[in-house]
Every structure is written in structure tokens, then in C-alpha cells.
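Visitor: Here the protein sequences line up with chains A and B, keeping their order.
Under this note's numbering, the first residue of the first sequence is numbered 1, with each subsequent residue one higher.
Under this note's numbering, the first residue of the second sequence is numbered 1, with each subsequent residue one higher.
All the given hints hold, so there is nothing to weed out.
Quick list of the computed label-pair ranges, beta carbon to beta carbon:
hint: 1; chain 1: A; residue 1: G94; chain 2: B; residue 2: E225; range: 36 to 42 Å
hint: 2; chain 1: B; residue 1: G337; chain 2: A; residue 2: R131; range: 43 to 49 Å
hint: 3; chain 1: A; residue 1: R213; chain 2: B; residue 2: V49; range: 46 to 52 Å
hint: 4; chain 1: A; residue 1: G94; chain 2: B; residue 2: S387; range: 55 to 61 Å
hint: 5; chain 1: B; residue 1: Q118; chain 2: A; residue 2: G94; range: 52 to 58 Å
So, partial list: chain B residues that the calculated Cβ filter (under 10 Å) puts toward chain A:
hint: 6; residue: E225
hint: 7; residue: S284
hint: 8; residue: G299
Just so you know, these hints were derived from the structure itself, not from any lab.
Even glycine gets a Cβ: it sits at the ideal position worked out from N, Cα and C.
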Amino acid sequence: MNPHVPSPRPTGPAPRTAPVSARPPAVLSLRGVSQSFGAVRALVDVDLDVHAREVVAVVGDNGAGKSTLVGVMSGVTVPDSGEVMLEGVPVQLGSPAVARQLGIATVFQDLALCADLDVVENLFLGHEVRRGPVLDEIAMEREAWRLLAQLAARVPSVRVPVATLSGGQRQAVAIARALLGEPRVVILDEPTAALGVTQTAEVLNLVERLRDRGHGVVLVSHNMADVQAVADRVVVLRRGRLNGDFDADTARYEDIIAAITGASPALSGGSRAAQPRHPRGETS
Amino acid sequence: MSSHGLAGTLTAPGGAAQRPAGGTSSWRHGGAPWGAGGQRELGALPVVVALIVLALVFQAFNSNFLSPDNLVNLTMQSATTGVVALGIVLVLLVGQIDLSVGAVSGLAAAVVAVGSVQQGWPLAVAVGAAVVLGAAVGALYGVMFTRLGVPSFVITLAGLLVALGLQVRVLGSTGSINLPYESWLVRFSQQTFLHPVASYALVAGVVLAYAGSRVVEKQRRESAELAAASVGTIVVRSAVLLVVLLAPVAYLNLNRGVGAMFAVFLGLVAGTDLLLRRTRWGRSVRAIGSNVDSARRAGLAVRRVYVSCFMACAALAALGGVLSAGRLAAANQGTGGSDLNLTAIAAAVIGGTSLFGGRGSAWSALLGVLVIHSIASGLTLLNLDSSIRYIVTGVVLALAVTIDSLGRRRRTGVAPR
Ligand SMILES: Nc1ncnc2c1ncn2[C@@H]1O[C@H](COP(=O)(O)OP(=O)(O)OP(=O)(O)O)[C@@H](O)[C@H]1O
Ligand SMILES: [Mg+2]
Numbered sequence: 001m002n003p004h005v006p007s008p009r010p011t012g013p014a015p016r017t018a019p020v021s022a023r024p025p026a027v028l029s030l031r032g033v034s035q036s037f038g039a040v041r042a043l044v045d046v047d048l049d050v051h052a053r054e055v056v057a058v059v060g061d062n063g064a065g066k067s068t069l070v071g072v073m074s075g076v077t078v079p080d081s082g083e084v085m086l087e088g089v090p091v092q093l094g095s096p097a098v099a100r101q102l103g104i105a106t107v108f109q110d111l112a113l114c115a116d117l118d119v120v121e122n123l124f125l126g127h128e129v130r131r132g133p134v135l136d137e138i139a140m141e142r143e144a145w146r147l148l149a150q151l152a153a154r155v156p157s158v159r160v161p162v163a164t165l166s167g168g169q170r171q172a173v174a175i176a177r178a179l180l181g182e183p184r185v186v187i188l189d190e191p192t193a194a195l196g197v198t199q200t201a202e203v204l205n206l207v208e209r210l211r212d213r214g215h216g217v218v219l220v221s222h223n224m225a226d227v228q229a230v231a232d233r234v235v236v237l238r239r240g241r242l243n244g245d246f247d248a249d250t251a252r253y254e255d256i257i258a259a260i261t262g263a264s265p266a267l268s269g270g271s272r273a274a275q276p277r278h279p280r281g282e283t284s
Numbered sequence: 001m002s003s004h005g006l007a008g009t010l011t012a013p014g015g016a017a018q019r020p021a022g023g024t025s026s027w028r029h030g031g032a033p034w035g036a037g038g039q040r041e042l043g044a045l046p047v048v049v050a051l052i053v054l055a056l057v058f059q060a061f062n063s064n065f066l067s068p069d070n071l072v073n074l075t076m077q078s079a080t081t082g083v084v085a086l087g088i089v090l091v092l093l094v095g096q097i098d099l100s101v102g103a104v105s106g107l108a109a110a111v112v113a114v115g116s117v118q119q120g121w122p123l124a125v126a127v128g129a130a131v132v133l134g135a136a137v138g139a140l141y142g143v144m145f146t147r148l149g150v151p152s153f154v155i156t157l158a159g160l161l162v163a164l165g166l167q168v169r170v171l172g173s174t175g176s177i178n179l180p181y182e183s184w185l186v187r188f189s190q191q192t193f194l195h196p197v198a199s200y201a202l203v204a205g206v207v208l209a210y211a212g213s214r215v216v217e218k219q220r221r222e223s224a225e226l227a228a229a230s231v232g233t234i235v236v237r238s239a240v241l242l243v244v245l246l247a248p249v250a251y252l253n254l255n256r257g258v259g260a261m262f263a264v265f266l267g268l269v270a271g272t273d274l275l276l277r278r279t280r281w282g283r284s285v286r287a288i289g290s291n292v293d294s295a296r297r298a299g300l301a302v303r304r305v306y307v308s309c310f311m312a313c314a315a316l317a318a319l320g321g322v323l324s325a326g327r328l329a330a331a332n333q334g335t336g337g338s339d340l341n342l343t344a345i346a347a348a349v350i351g352g353t354s355l356f357g358g359r360g361s362a363w364s365a366l367l368g369v370l371v372i373h374s375i376a377s378g379l380t381l382l383n384l385d386s387s388i389r390y391i392v393t394g395v396v397l398a399l400a401v402t403i404d405s406l407g408r409r410r411r412t413g414v415a416p417r
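With the hints as extra help, turn the sequences into a complete structure.
Guide: Below, the structure is given as C-alpha cells:
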């Protein structure tokens, strides 16, 4: 089973306002993904599409299955059933390294940085640039500055251990690392969970910058304010099932909350925009 | 110095200022080992201070302590323990431990003695067999740890017992085997010293290589528009290196000189240091020790790196055992043993390698072993017996571990447990 490497992503900007049918195929799609841990059904028949130049927020209560979904998309978890497709081509994500190679970069909930390593070392961990047998520190350092500059991230020096950085700076390092190798899709699991107001704003800026650079972005979050600030689409997970897919510009806050908690005023309210796109989501 | 083009735009106004040497602030990347990093890393400083204090104190009590003769002895004693401690540094860096290094080195000594004296193997074959045996033991530890998930503490404790049993078995009923004085191993370990000219040439070569690599790095950094060390900095650092190398070498040359065994030890340390700092493998070692889970998700071959560290550690322990058999011209049931075990582990920690994994340097084997053998040598000169030596070494070890833990707490902002 050698993963088929799909053709490079279309370069033209995907018009965010175009009707669904006219869009190019989603960069990353999940079809019918299910995953159980013993008796716990963490994901049940989940479909998801992520397009280029789009921020898809995945929201849901604790234990709704968000991190499990991230695991499936990042190659950490191989789902019990279901399909992952890159630009319409089915792929096997057997490990984080494979997902990475196929252009799916993940910023994990815990960032997956090594605190004792410096910024450059973390950015290139597992993808070090070499000159002959030895590491090319200079090339890596220059590239590190370039990546951080793209994100307008403020880091005092790229040669200090990550342990000495603030939470927001670490988040920036983790996001910069995700950008290495020009991924198609960047997945962020709870990127603002541990951050203060200023740093949250900085990270949300980074997320917008990722979208503006043409990446598909999956933003997992608890925080509705964050979601409303940057998301183009909001997908709700509830007890492992898809429970709504909203257009962030027009959806009503209460409808999303209702989908998260399981109350269903959205259907009686008659708000067209808040209508879940996946009928399957209503059966819960 | 060149201005840091990109850094200027990235650093917050009034934020953390660029250090004088800009991007080379970390000693790992050409900065000073005594910490241009200032506030963040004490590095080797506490150990160096401890060594100086020890030297001054012992010298005050007994003027023989700093005599060239005593220092030559000290280096010879340090070499065997140091080789074993170097292996310990590697397993500590990945956040593991090997408690069996003493027993494995004793077993290796027994294999060399029995193989070459009783079985009539060529000495080189016996030495090779001993080291390969060590590597095999390490591979077994590594496989058990990575495949079965048994804690390294337990595997190597079991290994210690097995190796002790094997050592007794191999030595047989006599329990002690002498190596002939004319064998090259004994001559190498006891009587071979670098010719003064050779030692000075080596110093010159190292300093030139250092300065040269710094100059090349400076040029490459400048063409990459990164901050580079100034010529002055390079000159000063090279001069410091020259003094740090030349003074002890010249002093030792007043007596017998630099022992070949000690030179081999230094070579192993320097080589390991390069591997750790300049290769992918070395980076993986530190990353895994720092956070295995992150390392795994970054796609590193975590298992292979663990196995390589256990193998290197046990092989170095075996080599240490071979060298000590040469130095004592004998192998017996006491070779290696618990004393070596504890000294080697203590040396690595005292030298500054963290027990928590991820932080440390090959040079901590050298520094730690010098501290431990200075204490031993100084107390012997004062006619104090081994009880005091154990106590003092224990206190120093406790101090080193405390510094390690405090450093970790400061970095992570949480108390360990
Ligand atoms: N490795 C695992 N083993 C067993 N159960 C698991 C495992 N990972 C997740 N689960 C279970 O699957 C369910 C979904 O967990 P998941 O971590 O995906 O939730 P989440 O939406 O990310 O929650 P949170 O908001 O708290 O991060 C939970 O009931 C959890 O207990
Ligand atoms: Mg989660």
C-alpha cells in the first residue's frame, strides 16, 4: 500500500463565496470515519471536508471526539473504518511522518515540542538539513528566521531553549514548524487553550495568516469567541457524531451552542444558514 | 559585528536584546561553553568551580596534590572510569539508566584475561570479543526496553546480577587472572605516554582546527545574513582554548606526560561530543530525552536511538573494563564492581548531565570523573580511608543532583513531583 501522492494543490485563490458545487475538490476529506476505544465510540461515521484557503472550526464538548479526529487526520490514529482523501485521492495515513509527507501538518494540543531543544532544533526536528554527514545549522537558522517572519512571530532568539519561551511564542514555534515543507492542510488542536488574551489574539492572527497563505486550516477549539473570530465554517461534534455544519458568517451563536449541547432549537428557529448541511447530524 | 537583518524586524522593540554574538549565543552552536547564555544555563561552570575549589583545598592540606606526578596518576585513574561514565552520559541523555556498567566492565575484563591468557586467543581478538559482548548486552537491554516496555532500571539491575554471575563463572576457580606485563594492553594502559612533541602537535592541531572551523562558520553565517561572531571573539576563544589545553599538557609533560589511555578517553569524549552536537543521531538523542512523545510525533526513529544508546553505553563499559584490566595487569572478581558502577554514574551527573534526560554533554564525563578522582586522590594523600571518600563523594553527588533539579524547576516552572 504505497500512498499515492496527489497532484499539487491548485494555485488560484479559492473564492470563499462560491457555491458549494463550484468549488474545487476539498484538499482533505474524511468519509465515514469511525473509531472506538473499547466500548467508547469516539468517532461515529464522520464526514469532513477542508478546502484550501478556509478555516474549518471543529467544536464540541469535552470528550466529543475532537482530539481523536485530529489523531485520524494527522496519522497518529488509524481509524477502525472510513476513508481519508487528499484532493479526492484516498490515502493511508499510517504514521505522523506519512501524513506530514502528504502535506498534512498538525499542531498538537500539547504542541509536541521538546523543551530542552532550541527553536531551530525544534523546527527541524526529524527534518534536519545536512551538509554531508553533519547538520547544516546555518541553513536551518536562516530558514527558521524566514518561517517566523512569515508569521510575524516575535521570538527573542532562535537559539534559546523552547522552555524559556512564553506560551504564545511556543505556539508560534509549533505553528512555524507545521509550515515547514509547505503543507496543504494545517490542523491546530486547541491552540489557544492555555493562553492569555494578548497571546490568544496573536495566535488567531497566525491562523488567519495561514488561511491567507492558501492553506486549509482545521481549528479545534472550545472557545466560541475564537471560533467566531477566525472560522469560515463551524463543524460540531457531539458524542463522536457530526451534529451540524454551519457557515460562520451567518450562523447564530445559539444554534451552534445548541448543536454542541444537544438541544435542538436550531431546527425550529427556521434560520436557513444555521441549517445543518448533513442530515445525518440531526439523529442524536 | 554584522547587524542581524531579520532579527531586527522580529525582535519586539525594547524586547529581548540581541546578545553580543547574536545568533551564536548558544554554546552548542559555537558560543562559549561558559555560557554566553548567561541567565539560562549554568553549563559547566559549577563543576569547573568545584574542581578549582577542590584543588585549592587539597593543595593547602598537602602540597603534593598538584604535583605533576600526582596529576599524571589522577589522569590515568580517571581514564577508565571516564570511559564508563561517557556511556552513562548517553543513556542519561535519553532519560534512561544503566546500572550494570560496573558488572559489564568486570565481565569484559574477565573475558580479555581468560581469552588471552587461558584460551590463547590473540589479545586483539580477546579485546574485540569483550567489546562486542558489551554491545550485545546493550542491544539486549535496548530491545527489552523498546519492545517489551520493561523499565531500564529493572532490566539493567537484572543485567547487573547476570553479568556478575558470568564474571565469576568466566574467571573460574582461581578467581583472579594476571595479564603478562609485556602484553601490549598492559604496556599501553600503564606505560604509554604521548611524546611531548606529539602532545604539543595535537594541541596545536586542535586549536587550529577550532579556529579554522570558526572562521569558516563566520563566513558562511555572514553570507547567509546571520549574526556572526566577530574576529575578536574568535581570536579570544581560540586563545582561551589554547591556554586551557596547553597549560595542563605542559604541566603533565614535566612528569611522565599525557597517558595514551587518557588521550584515548579524551578522543572518545570529543568524538561523542561531535556526534551529539552535529549529527541527526545526536539531535534525536537529546530530543528523545527531552520529550519522547514529541520526538515520536516528529517522526524520529525512537526505538533505534534508544537501542543505540544502550549499546554504546554497554560497549563503552566493556572498553572501560578492558582498559582497567590493562592498568591493573589483572582481572579478578573485584574488577568493575559496585564501586565503578556508582562512581561512573555519579561522575556523569556531577559533570552536569541531567538525570531527567535531554540535557548534558559528553564533556560532563571528563569533568565529573576529574572531580571524583580528585576527591579520592586528595583524601588518600591525607591518609583518610575509603569511608570518608564515599561520604564526600556522596555529598558532592547530592549537591550535583540538587543543582540539576533546581535548574529543571527553574526551566519548567514546576517542582519535580
Ligand atoms: N487512547 C484512548 N483510549 C481510550 N479512550 C480514549 C482514547 N482517546 C480518547 N478516548 C475517549 O474517546 C472520547 C473522545 O476523546 P477526545 O480526546 O477525542 O475528546 P475531545 O473532544 O478532544 O475532548 P477535550 O475537549 O477534552 O480535548 C473520550 O470519551 C475519551 O475518553
Ligand atoms: Mg482534545
